[in-house]
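Asker: Here is how the chains run, residue by residue.
2 protein chains.
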Amino acid sequence: MSKESKIPNPTIKRLAIYSRPLEILLESGPPVISSKKLAGLCDVNPAQIRKDLAYFGEFGIRGVGYNVRDLLNAIKGILATDREWALCIVGMGHLGSSLAASENFKKRGYMVKAAFDSDARKVGKKLECGLTIQSASDILKTVRDLGIEIGLITTPPHEAQRVAHLLQEGGVGAILNFTATQIRTRKKCAIENADVSIKLENLIYHLEQLDKRV
Amino acid sequence: MSKESKIPNPTIKRLAIYSRPLEILLESGPPVISSKKLAGLCDVNPAQIRKDLAYFGEFGIRGVGYNVRDLLNAIKGILATDREWALCIVGMGHLGSSLAASENFKKRGYMVKAAFDSDARKVGKKLECGLTIQSASDILKTVRDLGIEIGLITTPPHEAQRVAHLLQEGGVGAILNFTATQIRTRKKCAIENADVSIKLENLIYHLEQLDKRV
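Same order as they appear, the protein sequences are chains A and B.
By numbering that gives the first Met the number 0, the letter at position 9 of the first sequence is numbered 8, and the numbering carries on one by one without gaps.
By numbering that gives the first Met the number 0, the letter at position 56 of the second sequence is numbered 55, and the numbering carries on one by one without gaps.
Honestly, I wouldn't trust all of these hints.
Any copy will do: because identical chains look the same in the list, a pair fits if it lies in one copy or spans two.
Computed cross-link-like contacts, DSS-like style, restricted to lysine-lysine with a CA-CA straight-line distance of at most 27 Å [stated by the list, open to error]: (1) K125 with K36; (2) K140 with K121; (3) K125 with K35; (4) K50 with K124; (5) K12 with K186.
Hints in this document: simulated from the structure, not taken from any laboratory.
Please read these numbers as outputs of a predicted model, since none were measured by experiment.
Looking at chain A on its own, in the form it has when it is part of the complex:
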């Protein structure tokens, strides 16, 4: 595994992107795909795909392409998406509830094992997915008891940092932060930000630039 741990971050991000069309092809497409075709489906250039895939050995058959099943399995192995992961969600507003109900999550092995909220009126409420909303004061104990590995934070921004501390204290190793707060984590905890309004602001700047060019 020493070679794998040297795979650069941007490659890792692209591997997840490559896996999406492969999943569709596995169900309904040809068993082999050329790097050019895969590149087209992923909107990256073929040289980039070949370079990225070279990090984990020789997959392509020159002049033919990649075996879809083998390539997808290899990518899933690298990304460790070939097993189930235990998630919890903190903040049961609209977004948190929609994530808890996600069929896409379940399909990909992201099992939502617990849902929390600090609002006493929500605690005890049963969700569509079968879980019962627990009090935010139970985070530490529940996360430990259930061995939760990944925490999703969908609270109001001012609660995010405190929640992140509790999750880490309970042993969570990765946090996906949907709030606009920049969360500080310890070295051992990985974090990704998924605040939609930040994405929108980036888009809007580009809209403005486009308008100016017209």
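On the provided structure of chain A, position chain B as indicated by the hints.
Answerer: Relative to the frame of chain A, chain B by itself:
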């Protein structure tokens, strides 16, 4: 504006991040903040903040810091978040519905003006926000009539590309894509991907790496 259009992309992304703690400070904090303090709140280094802010003129008062209100207004001016934007959402599943109900959007001037779904059973249903779900076959006409500027796609992956075409045809200049499909757009349309499962896969890879180091 010639200087502004040269602001590099990573700086633009960080400006949105800087604006978040400033919004909180504007309501309840001191009127002036040092770059060091702001850097701490945003989890970036102070030199980076000073460099980024220098792109749009001299804001800091040496030895004192930045005026919170002036700095926030300047950032909003650059990002063009100081006016309302017309949005539509295509795909009224859990995620689409939760975005349509977002108070955070409204507060930031992102006005959801239309909601679409291709499922005839959903069409005509009234949403919490007051909108009525329209048929996906109305996208082109409605987007044109209402002057929608930004489209959010929360459909199943296989519908995303076709929806993106319709949105662009109707005049949408920016798309936020929540599906796992890589959407190809024309040059004039900006796109950002916000697929949660891709973010999770990046996190999981890091979890694996952390495990190996223990």
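Asker: Which hint numbers does the structure go against, in order from smallest to largest?
Answerer: 1, 3 and 4
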